[in-house]
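Fit chain U to the supplied structure of chain F, relying on the hints for placement.
Residues per chain are reported as follows:
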Amino acid sequence: MTGTVYTETVVHLAPEAFAAEVPYQVAIVTLENGSRVTARIQGERVAIDDRVQEVEVREGVPFFRKSA
Amino acid sequence: MRPVAVIGAGKTRFGALADRDLRSLAVEAGEKCLKNGHLSPSQIEAFWLGNFAGPSFVGQNHLAPYVSTALGLEGIPATRVEAACASSGSAFFHAVSAVAAGLYEVVLVAGVEKMTSQPTARVTEILASAGDCSGEIKAGSTFPSLFAMIARRHMFQFGTTREQLAAVAVKNHANGFLNPNAHMRKLITIEQALNARPVAEPLGLYDCSLISDGAAAVAITSLERARDFTDKPVRVLGIAQASDYVALDQKPDITTFPAVRKAAEKAYKMAGLDAKEIQFAELHDCFTIAEIIAMEDLGFVPRGQGGPYTAAGHTALHGELPINTSGGLKSKGHPVGATGVAQICDLVEQIRCEAGERQVKRHSLGLAQNLGGSGATCVVSILGSV
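Chains F and U, in that order, are what the protein sequence lines are. Just so we're aligned, residue 34 is where the first sequence starts under this note's numbering, counting upward by one. Just so we're aligned, residue 8 is where the second sequence starts under this note's numbering, counting upward by one.
One chain only, chain F, in its complex shape (with noise of 0.2 Å):
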């Protein structure tokens, strides 16, 4: 699956859940078809309208990375 970032931030203060992993990339992403989902970011920061790619999906979150 791939989409377009719509909107992107990097989150610095988290709940103890995600505190181990602080400062992470959180976007919401366009898809193909139009619909949008709020995933995780893996890897390169990315922002508004760089293009990016499903890489996995961990307890329903979806986990997207910058495309090549």
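Treat the hints as calculated values from the structure; they're not laboratory data.
Cβ-to-Cβ under 8 Å is the rule here; a few derived chain U residues that face chain F: (1) 128; (2) 132; (3) 145; (4) 147; (5) 149; (6) 156; (7) 159; (8) 163; (9) 207; (10) 255.
Using N, Cα and C, we set each Cβ at its ideal position, and we do this for glycine too.
For chain U alone, coordinates are given in the frame of chain F:
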């Protein structure tokens, strides 16, 4: 529908009040309000309590009768209203509706939150439960991060800058500095705001409202009877509540809040007023970007102009449209469930010319905007002198 007026208002100090519990805060605000409206508990026919997360913050449920009985309100309907950060704005909306419909003559509305007994990470988790826990929250979103994503998009589409966001914080801290009941009475500079530690980029510590304890209450009756209680009644000219998706990723455009636009449109229509006629406002600045978007959605400025308008000083205490003369959620504090009614108290104070050093010159027509979550609930109230 008959016209309605606020006849009494009371608030506690906002802050990290270690020695105070939820009920004592709500009772203090309620008693101050009754005294202010020259009311005895036996005159109150119904009670609404806005509270977001008492069960999570302090482990207490069934909050409305828990508070009402302590206020000496015996046997009357007592109802808790939960709508995230718009909980007590919504409680006020429902109370006004009931009095306007003729169901009751005199009612009391309070809002309360006791937040500081939990560590910040746990507070962040509880606040996040006002988002969509099946999607955005599971992915690691926090409330600051939702508004950070809104800010990023607003910057991208309209060129809003971090300096303009900082200008909101600097202004609200300047107002709160003059408010004896504010949580953080501290002046800050643009540089301090810009260099503060990041919470969720592009938002830093000074872009975020405070974690506070506090309560507020107002008493309302029909306009016809208002002068039986006070020589300073404040009329509710227009009020509306609207809703929208809870999850940010379901909104087609996150740089505007449809619930704010809908509530504003209805409230203006009810009041027979135009946005340009509003003289001052208390807006829901849970994050600096939220104040900027609220100004745009309420029609005070065109879309994209909230940042430049703020940076130019027009919303300062003695600017052309003073916004958050109380200090706002940013400096006055944000005990979530108390905020909506506290905004009403702040309007009443200005309209009655009781705001002391913060008194604005044009004070006969004010607007309060109370936002829940990332825009899923909004209540807009327009109050004016009688």
